[in-house]
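Chain order of the listed sequences is X and S. Okay, so the first sequence: first residue is 1418 according to this note's numbering, each after it adds one. Okay, so the second sequence: first residue is 1039 according to this note's numbering, each after it adds one.
The set of hints was computed from the structure by calculation and includes no laboratory data. From a predicted model like this one, the values you see are computed outputs, not experimental measurements. Glycine residues also receive a C-beta, built at the ideal position from the N, C-alpha and C atoms. A couple of the hints might just be wrong.
Said to hold, decoys possible - So, partial list: chain S residues that the calculated Cβ filter (under 7 Å) puts toward chain X:
#1 Pro1054
#2 Ile1073
#3 Gly1075
#4 Asp1076
#5 Ile1077
Unchecked claim - Simulated DEER-style distance windows between Cβ atoms:
#6 Glu1609(X) - Gly1141(S): 35 to 45 Å
#7 Ala1615(X) - Asn1128(S): 37 to 47 Å
#8 Arg1605(X) - Leu1135(S): 29 to 39 Å
#9 Asp1126(S) - Ala1539(X): 52 to 62 Å
#10 Gln1125(S) - Ala1442(X): 49 to 59 Å
#11 Arg1457(X) - Asn1056(S): 27 to 37 Å
#12 Gln1125(S) - Asp1487(X): 32 to 42 Å
#13 Pro1055(S) - Ala1612(X): 27 to 37 Å
#14 Arg1129(S) - Gly1509(X): 49 to 59 Å
#15 Ala1655(X) - Leu1135(S): 45 to 55 Å
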Amino acid sequence: MTQRASGPADRATYVFAVARTLDPAVVADLDGMTAGEPVRLLPLGSLVGVVQSVPAHDFTDDAWQQRLSDPQDLERCARSHNEVVSASAAHGPAVPLPLATLYLSDARARQALEAEADRFHAVLKRIAHHAEWGVKVYSPPASPPAGAHRPAAAADRGRPAPGAGLAYLERKRGLQLRREQHHEQGLRIAEEVDAALAKLATAARRLRPHSHRPSDTQGSQVLNATYLVAEQRSHEFAELTRALRGRTGASIEISGPWVPYSFVSEV
Amino acid sequence: MSDVDFRTGSAPVPGPPNATLADILERVLDKGIVIAGDIKIDLLDIELLTIRLRLFVASVDTAKKAGIDWWETDPALSSRAARNALQDENRELRDRLASLEEGTEQTEETSRT
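Based on the provided sequences and hints, a complete structural model is requested.
Below, the structure is given as structure tokens:
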């Protein structure tokens, strides 16, 4: 523990990712978490870590909580982390570590990461020549009220001016019914899209839909999923997404290629 | 890898260039391989923060970039959504009027013959 002397008090080692091998140049010019300190490689036996020395006092739990409650800082940190992770995976697989994985020194980082070498190798093998693609499905806009689907409203039309209260209630009931039908239709589309894409993918994960609120009916997100897709199938995957867009009428957003963040934790 | 970008000077960065903050956050926060660190950061707290962030967005622009736009469809918060609701009701009323007029025309025609 020779680095102990200059260790805990002033410097901490932030780890972005672990790879088999890496050209230091691909990360050298990136800012990382803190400007002025190079993003560099830390040899870990058969692996390399992509790390950066950061001022320890700026990276305590308290400092993080404070930093990350500021939307702009949160965005900067998340994007910087992702930038370094993505660059690390430019020429071969890299295993991303979650935001804010920190060690008191390079020696401590090496010790902890080398102890997990087997796990890293297993994950690297699994994600080699694969990328992660995110897919979000939004239910199509609610169709205008069709008479066939609304027996209550259809009956209304025949009758001359029913009580205003009753009409209001029926209108509300019809609206509620339409909402429910629309929501169910959205869920069916979500299942259909997920099933089709999962068949093409090596693995699939469901993420929490964004800003879903029970009162959302129009264009609400019905699926937020992510897929591990082999490189040679990525074109096919995009094609299938287009086809599903046409078949279901739903709006389908695809994002990627991501470093397979969502597929490295369970080996 | 087959396609290698040799311009190593400016690091080639894969990953979606137009990724939204929400997309990035849900990956960098609690995904990735978890190895115990020396400095413990409570990611659950951070996740709560991001949820709070979604609810109390300080800046609409940041939120839009993050793909958070529920207020645009919430009639209580958006005049656009309120307008949509009005448009829907208008359309409904017009349909009803048209079907009623159709009915009257038909009775007029039958009474004339």
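Hint check results:
no.	hint	in the structure
1	Pro1054	holds, 5 Å
2	Ile1073	holds, 6 Å
3	Gly1075	holds, 5 Å
4	Asp1076	holds, 4 Å
5	Ile1077	holds, 4 Å
6	Glu1609(X) - Gly1141(S): 35 to 45 Å	holds, 41 Å
7	Ala1615(X) - Asn1128(S): 37 to 47 Å	holds, 42 Å
8	Arg1605(X) - Leu1135(S): 29 to 39 Å	holds, 34 Å
9	Asp1126(S) - Ala1539(X): 52 to 62 Å	holds, 54 Å
10	Gln1125(S) - Ala1442(X): 49 to 59 Å	holds, 57 Å
11	Arg1457(X) - Asn1056(S): 27 to 37 Å	holds, 29 Å
12	Gln1125(S) - Asp1487(X): 32 to 42 Å	holds, 39 Å
13	Pro1055(S) - Ala1612(X): 27 to 37 Å	holds, 30 Å
14	Arg1129(S) - Gly1509(X): 49 to 59 Å	holds, 56 Å
15	Ala1655(X) - Leu1135(S): 45 to 55 Å	holds, 47 Å
The structure shown violates none of the earlier numbered hints.
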